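> Turn these sequences into a full structure, and let the hints guide you.
So the chains spell out like this:
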Amino acid sequence: MYHLHRRRVYSLCLRMTANTAAAEDLTQEAFLQLFRKISTFRGEAAFSTWLHRMAVNVVLMQLRKKGLPIVPLEDTIETEEETPRKELGGVDSVLSGSIDRLQLNRAIEALPPGYKTIFVLHDVEGYEHNEIAEIVGCSIGNSKSQLHKARLKMRELLKTSRAAKASKP
Amino acid sequence: MTCAEFEAVLPEMLEGEVKQEQQEHLRFCSSCFDLLSDLSLIAREARSLQSDVEPGPRVWSSVEIALRQEGLIHDPQPQMQKARRPLLWRPAWALSFGAVFLVAIAGLLYERGTGSPEVAGLGIIKPAASNATVPDDYSPDDIEVLQDVGSRTPAMLADYKANLRKVNSYVRDAEQWVRSNPSDEVAQQSLINAYEQRAVVYQMALDRSQP
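Sequence lines, in order, name chains A and B. One point on numbering: in our numbering, the residue at position 102 of the first sequence is 102, and numbering is uninterrupted. One point on numbering: in our numbering, the residue at position 101 of the second sequence is 101, and numbering is uninterrupted.
The hints are simulated quantities; they were obtained by calculation from the structure and are not laboratory data. On a predicted model such as this, the values are computed, not experimentally measured, just so you know. The beta carbon of each residue, even a glycine, is placed where N, CA and C say it ideally should be. Be a bit skeptical, because a hint or two may be false.
Stretches of chain B that chain A covers, calculated by requiring three or more beta carbons in the stretch to come under 8 Å of a beta carbon on chain A [to be verified]: (1) 34-48; (2) 153-167.
Derived EDC-like pairs: lysine to aspartate or glutamate, alpha-carbon spacing no greater than 20 Å straight-line [claimed, not checked]: (3) A:Lys159 with B:Asp34; (4) A:Lys37 with B:Glu70; (5) A:Lys144 with B:Glu5; (6) A:Lys144 with B:Glu17; (7) B:Lys166 with B:Asp184; (8) A:Lys37 with B:Glu64; (9) A:Lys144 with B:Glu12; (10) A:Lys144 with B:Glu70; (11) B:Lys166 with A:Asp100; (12) B:Lys161 with B:Asp148; (13) A:Lys165 with A:Asp100.
Here is the structure:
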C-alpha cells in the first residue's frame with residue numbers, strides 16, 4: 001500500500017511545503033493516519049481519493065499550526081485582496097509562449113494555500129474536479145471556480161515576476 | 001458577446017468546450033485572446049512539473065517503527081517444527097506457561113551466578129538460557145541493549161530485535177548514500193535522521209525494560 005501510493009502523496013506534500021524534510025514528515029504522518037484509520041474506510045470513495053484527502057488534511061493542519069492564512073475553499077465572497085486582477089491590455093499582457101520553470105515553481109509557492117491546493121491537485125497532479133471535491137471537501141463547482149482564480153493569480157504573479165526581472169540592470 | 005460574458009465562460013473553455021460565439025469574440029478581442037492563451041499555457045506548463053520524486057527511506061522506517069510500537073503490525077511468529085514439538089506442549093497455554101517457567105529458572109540461576117541484577121548490568125551481561133542468540137549483524141551496543149531487554153522483558157525481545165535490524169539497515173543505507181554523495185545535504189540529513197531513529201529505539205528499549 002505504501003509503495004503504491006508514496007510518490008503521489010509525497011509529491012503533493014512537497015508542492016505544498018516546498019521543503020523536502022517537511023514533506024517527508026507530512027508523508028509519514030499521512031500514512032500513519034491511514035494505517036490507524038484503515039478500519040474506518042467504508043468504500044464510499046476510491047481508496048486513493050480517501051488517502052489523498054488524508055494527506056491534504058495533514059498538510060493544511062500543519063499550515064494552520066504555522067499560522068499561515070488559508071483561503072476557505074467555500075468562500076465565494078471576493079475581497080480586493082483575494083480577487084486576482086483580470087488585467088486587460090498593457091505592454092506585458094502576454095506570457096509570450098513559454099514560462100521559465102523556475103518562475104513557475106516560485107509562482108506556485110507564492111499562491112495562497114487554498115488556491116495552491118486546488119492548482120497543484122488539478123493542473124500539476126492531474127486530479128479531476130470530482131476527485132478534488134472529494135479530497136478537499138468542497139463542491140465540484142467550487143473546485144472549478146477556485147482553479148480559475150488560482151490560474152488568474154498565477155498569471156498575475158508570473159507577469160509581476162517577469163516585470164521585476166526585466167527592470168533589473 | 002462582451003468581455004465580461006467571455007470571462008464568465010472561460011473556465012469551461014479551458015476544459016475544452018469552445019462555442020461558436022466565443023470563437024467569434026476571440027477573433028476580434030486581442031485581450032481576451034491573450035488571457036485565454038496565458039491561462040492555457042499555465043495549465044499546460046504546470047503538468048510538466050509533475051515529478052517522480054520519492055520520499056527518503058527513513059519515511060517508511062519511521063512509519064513501520066511507529067506502527068510496531070502501537071501494536072498495529074507484528075512480525076510473523078516462527079512456526080515450530082511439528083516433529084520437534086512434544087505432544088504435551090501443543091496447547092497454547094502450556095507453551096506460554098513453559099516459556100515463563102524456563103525464564104524464571106534461568107533468571108534464578110543467573111542471579112545466583114552473578115549477584116544482583118544491578119551489578120551485572122554494569123558489565124557485559126551473560127545472556128540467560130531462555131534468550132535467543134543474537135545474530136552477528138548487531139553492534140556491541142545493540143547486543144547490550146537487547147540483552148538488557150531480554151533479561152527484563154523477554155516478551156519484547158523479538159520486537160526490539162526486528163526494530164533494530166530495520167533501523168540498522170536504514171543507517172547503513174544512509175551511510176552509503178553519504179559516502180557516495182558527501183556534499184549532499186539531503187543525504188546528510190537522512191543520516192542524522194537514521195541515527196536519531198536508532199537513538200529512539202534504544203531509549204524505548206531502555207525505558208520499557210526498567211523495573
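> All hints are to be evaluated individually against the structure, with a verdict given for each.
Hints, one by one, checked against the model:
Under the rule that three or more residues need a Cβ within less than 8 Å of chain A, the assignment of the stretch 34-48 of chain B holds, with 12 such residues. Counting residues of the stretch 153-167 of chain B whose CB lies closer than 8 Å to any CB of chain A gives 0, so the stated coverage by that chain is violated, three being the minimum. For the hint linking A:Lys159 to B:Asp34, the alpha-carbon distance of about 13 Å falls within 20 Å, and the restraint holds. Restraint check for A:Lys37 and B:Glu70: satisfied, since their Cα atoms lie roughly 13 Å apart, inside the 20 Å limit.
Only pairs whose Cα atoms come within 20 Å are accepted, and A:Lys144 paired with B:Glu5 is accepted, the gap being roughly 17 Å. Under the criterion of a C-alpha separation no larger than 20 Å, the hint pairing A:Lys144 with B:Glu17 is consistent with the structure, at around 14 Å. Restraint check: the Cα-Cα separation between B:Lys166 and B:Asp184 comes to about 23 Å, which exceeds 20 Å; the hinted pair is violated. Proposed proximity of A:Lys37 and B:Glu64 is supported: the alpha carbons are some 15 Å apart, at most 20 Å.
A distance of roughly 9 Å separates the Cα atoms of A:Lys144 and B:Glu12; the hinted pair therefore holds under the 20 Å criterion. A hinted pair counts as satisfied when its Cα atoms are at most 20 Å apart, and A:Lys144 with B:Glu70 does not qualify at roughly 41 Å. A C-alpha spacing of about 43 Å is found between B:Lys166 and A:Asp100, which places the hinted pair above 20 Å, so the restraint is violated. Distance check on the hinted pair: B:Lys161 and B:Asp148 sit about 12 Å apart at the alpha-carbon level, within 20 Å; holds.
At roughly 12 Å between alpha-carbon atoms, A:Lys165 and A:Asp100 fall within 20 Å of each other, so this suggested pair holds.
The structure is inconsistent with the numbered hints 2, 7, 10 and 11, although it conforms to all the rest.
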